[in-house]
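Given the coordinates of chain A, work out where chains B, C, D, E and F with the ligands should sit on it, guided by the hints.
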Amino acid sequence: MVTLHPMKLINIITSDALEEKLIASFKKYGVSGFTILRARGEGSSGLEADSSGFDANIHVKVIMPAERVNALLESLERRMLKGYHLTVFVADVQVITPEKFTTPLR
Amino acid sequence: MVTLHPMKLINIITSDALEEKLIASFKKYGVSGFTILRARGEGSSGLEADSSGFDANIHVKVIMPAERVNALLESLERRMLKGYHLTVFVADVQVITPEKFTTPLR
Amino acid sequence: MVTLHPMKLINIITSDALEEKLIASFKKYGVSGFTILRARGEGSSGLEADSSGFDANIHVKVIMPAERVNALLESLERRMLKGYHLTVFVADVQVITPEKFTTPLR
Amino acid sequence: MSLSSLLLPAVLFFALGFIAKLIKSDLRFPPDLAKILSIYLLMAIGLHGGYELAKSDMMTALNSIMWALILGFGTPIIGYYALILTRKVNPLDAAAISAHYGSVSAGTFLTAVAYLDNLGVTYETYPLIMLAVMESPAIIVGLLLAAKARQTLAQPALEGTVSPGGTAVISDDDDHGGHGGNNFAALLRDAFTNGSVVVLIGSMIIGAISTPAGMQKLFPFIDEIFMGVLCLFLFEMGSVAARRIGDFRQVGLVLGAFGIVMPLIGGLLGAVIGAEVLGFSVGGTTLVAVLAASASYIAVPPAMRLAVPEANPSFYLTLSLGITFPFNVIVGIPLYHALAQQLVG
Amino acid sequence: MSLSSLLLPAVLFFALGFIAKLIKSDLRFPPDLAKILSIYLLMAIGLHGGYELAKSDMMTALNSIMWALILGFGTPIIGYYALILTRKVNPLDAAAISAHYGSVSAGTFLTAVAYLDNLGVTYETYPLIMLAVMESPAIIVGLLLAAKARQTLAQPALEGTVSPGGTAVISDDDDHGGHGGNNFAALLRDAFTNGSVVVLIGSMIIGAISTPAGMQKLFPFIDEIFMGVLCLFLFEMGSVAARRIGDFRQVGLVLGAFGIVMPLIGGLLGAVIGAEVLGFSVGGTTLVAVLAASASYIAVPPAMRLAVPEANPSFYLTLSLGITFPFNVIVGIPLYHALAQQLVG
Amino acid sequence: MSLSSLLLPAVLFFALGFIAKLIKSDLRFPPDLAKILSIYLLMAIGLHGGYELAKSDMMTALNSIMWALILGFGTPIIGYYALILTRKVNPLDAAAISAHYGSVSAGTFLTAVAYLDNLGVTYETYPLIMLAVMESPAIIVGLLLAAKARQTLAQPALEGTVSPGGTAVISDDDDHGGHGGNNFAALLRDAFTNGSVVVLIGSMIIGAISTPAGMQKLFPFIDEIFMGVLCLFLFEMGSVAARRIGDFRQVGLVLGAFGIVMPLIGGLLGAVIGAEVLGFSVGGTTLVAVLAASASYIAVPPAMRLAVPEANPSFYLTLSLGITFPFNVIVGIPLYHALAQQLVG
Ligand SMILES: Nc1ncnc2c1ncn2[C@@H]1O[C@H](COP(=O)(O)O)[C@@H](O)[C@H]1O
Ligand SMILES: Nc1ncnc2c1ncn2[C@@H]1O[C@H](COP(=O)(O)O)[C@@H](O)[C@H]1O
Ligand SMILES: Nc1ncnc2c1ncn2[C@@H]1O[C@H](COP(=O)(O)O)[C@@H](O)[C@H]1O
Ligand code: NA
Ligand code: NA
Ligand code: NA
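Protein chains in written order, with my numbering: chain A, 1 to 106; chain B, 1 to 106; chain C, 1 to 106; chain D, 1 to 345; chain E, 1 to 345; chain F, 1 to 345.
Certain hints may be false.
Under the rule of at most 20 Å between Cα atoms (straight-line distance), these lysine to any residue pairs were calculated in the SDA-like manner [unchecked claim]:
1) Lys35/F to Thr193/D
2) Lys21/F to Glu77/A
3) Lys24/E to Arg243/D
4) Lys55/F to Thr122/F
5) Lys21/C to Arg243/D
6) Lys27/A to Thr193/F
7) Lys88/F to Lys21/F
8) Lys148/E to Ile84/E
If you only want the chain A side, here are some residues facing chain C, beta carbon under 8 Å, derived [claimed, not checked]:
9) Leu4
10) Thr102
11) Thr103
Quick caveat, the hints were computed from the structure, so don't treat them as lab data.
Fair warning: this is a prediction, and the values are worked out from it, not measured in the lab.
Don't be surprised by glycine CBs; every beta carbon is placed ideally from N, CA and C.
Bound-form chain A, shown alone:
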């Protein structure tokens, strides 16, 4: 029987123009890794990522321990206050290897 450990999955959907900055801040908040998916979408700032792909969205996923989540969310909230369009949502997930998600990226 595999034992599962609770973790938080932070999801950020935004324009790929912000990618470098997001990644840079992740390392500050001690995440152990991240995954980026290409996305298209529509929201308050209108259509994003038209077929041309010049203007694409990214869907960033970060799995991290609950106790570290708040600091990252606060920094994301500050960005939003500056006007950046970030769609952020958090989900509860379970992992097999908790230690994998607690060792920060080099």
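Same frame as chain A, but now just chains B, C, D, E and F with the ligands:
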């Protein structure tokens, strides 16, 4: 301490041939936005999205308030009854800015 | 009122070099289908999926009944013990058509 | 003849892609390559054809178009009843599958052109207009056959969709462009604004009206590198076809046989129309036969997913892409050519 | 004239893409096609231009560069105040939008080149350097205007970002390369290391310094198939433009008019500078006018998302991509050419 | 010499891509571009080579193949022990890294060909077969070395996988084609059905057997635009290499040095075999040296991820892609050419 608010995340995986119709119906159900990811997969209707990409899947994500979910799910269920291949699942998520997900798309 | 039924969503993020093997094992564990998304990321094994796309990640999603999850997770754990880099996490989701996710792939 | 066909780079690359999958090579083509290449191919033949057609005889052109429509509307009906007779598929699957055979495969058509060029056989340009024309009608017939099938099946959930009134609410609510009388107009539009049709017909018009000076500048792109791009396209499609044939066991022998018999019937019809009715040369007749024999795997599948959702996609994809496409490229083309020689010679 | 412009394959394909979307065709271009094609186009004109420029007059080159900078810094300021006057957008939107008009659209420039070639009109190569130079300054002006706008608006959350001290913590914490004095350096770097700029200037240098033998081998790739690739690029961009124009209602009539008036102002300025100041031929003057008239839709939008996040992207994307781009390709180019004939003739 | 090498467009574009990343340009290449271009490049050289080889001497061809195998099996073993001596990596990392050096980099090979063409140096076609042959053996050696390493390390979880019996259950359960005796066959197949190998050998066969008429039609695609496509490919690979070098600190100085010393050893071995054993001209000898000196970054990494999962990918990717590839393109090729001149001259 960032306060989190509960929302529902509706996931729909289907053939990209249905994209336009899905989007159109979203606007009817007052969603505030949506995100589309390209996907491949296999299921009851066999292999979808072979390498050629002629026949691709999409993974559509919509974040919305719990009280609006049912109407959308019912319309999706009606589609399935007509034979459309939709893989639908709902997840609980938490967001920082609930108002963002309650203002319908223009 | 659509009635929702609980299911488990297994997420696996890894190098696309492992795709064929993962799929093959899925069929052994009686999954009804799977979805694959292309991904990039960074983790303990460094940067994966550079822009060249020669070395890409995949994000695999499998929806299955809770009772079948453990067997699949154990096989994934065995792979990890062999050194394979798999980022695995499980989430609770709800579906409209439970039977769809219990009939194994042909 | 069949040998010289097999020694054609285009055909050899198709075979290479096919074999690569059979030997389980990890060769993977980027998801969008085939799409990009097919846009290029349609654009190139369109421009080229339009340029030629501008100088061609209107009467014959219209005549070819008329017969293209007849083939496009006719073959699916033959296919439909043939499939019903096999008793292997339900009417809705039969409708969706047969629609693929009424439409055409540009890849097969271009391979045939390369085959004729290689043998130094000349051909008329009219079959190109027929290619453009034949993409859409089959889709419409498919929908009509599906509507008919639903009535016979009288599936409650679906009945409504053929008699608009019935489930008007549902249809209006969700189903723009879906099946059902009130949406038929939308589907007609879909059939004629299909992406491949737009690229092909649009390029033909551009080829016909743009300044010769302007066209001259395009030839290196649309002519010289054309064969190379076609090889790359067929290389990938070979591997896609091989992957589809994996689902063969699902399709079964009888249905599989349909994937070979149907093109033969189509090829025969096409050859007769090309030779006897349109009075084309051996080359032109071969091409008409190829059009009638080939099955669509680009334009029609998404159209059927949308309009005949009840049909099982792995049936029509395996048949058109996994069986008929390879059969035509390797065996069919030389066969139709030989047939054309009999009829015209 | 305008007719011969419309009968240019490049223009016709743009129109085809545009129409395809209007008639709601399901034609979809793979997400990365336009990106790949634009890298090719920039590489090709860069190599070609660098090769020519190596033989050109340094004085005139420097002079063109200086005036390119003047146009790049000047037009956005004109645009900014014009937009403020319309009272339809807030200062931050005005800053972001006008930055697009100070920069350039390589697609429009290349269409103009094709247009001139088609008419057999010769032109200097200097406008090409100007194209490379004009990508960046507008971005910088945009940031300065935005900083100014924030002060006038004095939005608490944003004030800090213009007076570094204020929200130093926040800025340092999160906002590398974001707006705010301490990050201005970073933004300057971003503006000049922009992808399009690197490809274009890099290719020009390579074209200038590499061995003629080496260059010879590249011509089939960068010359012969060039026009075909441009057509394919404009085909896709036509459909992208049509899709953007869908947001028109959001933009409104007044703002929409700006998307047509602004290029006319720019075109006039450019033509005067090209003819009177730089003393170019009719061809060269037309190209300078096109540079000044065109609005960026590749380099500037992401830069504005990053540096002026408060601005509404659907404003600047709809204007530059949905209105100004089509206007210039269909109507503008012949107009600027006529204007150049007046001034130079 | 080294100068004329640096003034080669192909090399300059590699440098441009490299610099673009160093100056943190936001230039991004679409994820699949490099993949598409590499399929094209392999297809083009394959067709071209096969066409030439059809006319070549069988004896010499077989002899070259034999020595290609010797190099492919030999160099990884040298590399393995060299790495063990450095004491910087564990045996499994050493196995995975050295496998990369036994295999080859088509990109480096093609740059060398462009370099020789530019100097007007002729070369035999045999090295091309060697390129095709050398892709696979190194993968196999890598697996054998890894199996050996696991025994020495005797890691419980892994031991089983080398003595099939041990963890038969687990292996059968999950690990098709994974390491472990019972899967070795599967891995052998993987090594020889590797995508690049299939494209290259398949195209060579097609080039050899297809009708001259058919081939003629392909030359504009595979010859004329070839150099341009190569430049675009190297442009992107330059930026990829620069990105990888970012992980240098992880790799460290000693290991980094290996990325430069190993190709020198390989280059020397290759040059001697090319000149003394195979009796090739200066050009042919240079190419054999390049083959032996270059490290794979396309075919081998995924193979190692699959077969030696315990090894750290950032080690072998940084070494082959971030250090050895740039070193060979900029410094190595001229060096091996000079060496070849010494040995043959
Ligand atoms: N309600 C939503 N559900 C899912 N994705 C959304 C939603 N709202 C916004 N997004 C995504 O977030 C991106 C930016 O949204 P916005 O900040 O509203 O412009 C959009 O392009 C969508 O991809
Ligand atoms: N159990 C599952 N888990 C994850 N994705 C699934 C599952 N079943 C189906 N899918 C996805 O939904 C698509 C359509 O499935 P189906 O309707 O079963 O043909 C497939 O191509 C998969 O991408
Ligand atoms: N904490 C994390 N959050 C999200 N994705 C992750 C995380 N850690 C690893 N990954 C993903 O899993 C892949 C393999 O990670 P690793 O096994 O740590 O090398 C990475 O390339 C990422 O795409
Ligand atoms: Na047909
Ligand atoms: Na401008
Ligand atoms: Na080597």
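Checked hints:
no., hint, result
1, Lys35/F to Thr193/D, "32 Å, violated"
2, Lys21/F to Glu77/A, "30 Å, violated"
3, Lys24/E to Arg243/D, "32 Å, violated"
4, Lys55/F to Thr122/F, "17 Å, holds"
5, Lys21/C to Arg243/D, "17 Å, holds"
6, Lys27/A to Thr193/F, "40 Å, violated"
7, Lys88/F to Lys21/F, "28 Å, violated"
8, Lys148/E to Ile84/E, "13 Å, holds"
9, Leu4, "6 Å, holds"
10, Thr102, "11 Å, violated"
11, Thr103, "7 Å, holds"
In this structure, the earlier hints numbered 1, 2, 3, 6, 7 and 10 are contradicted, and the remaining ones agree with it.
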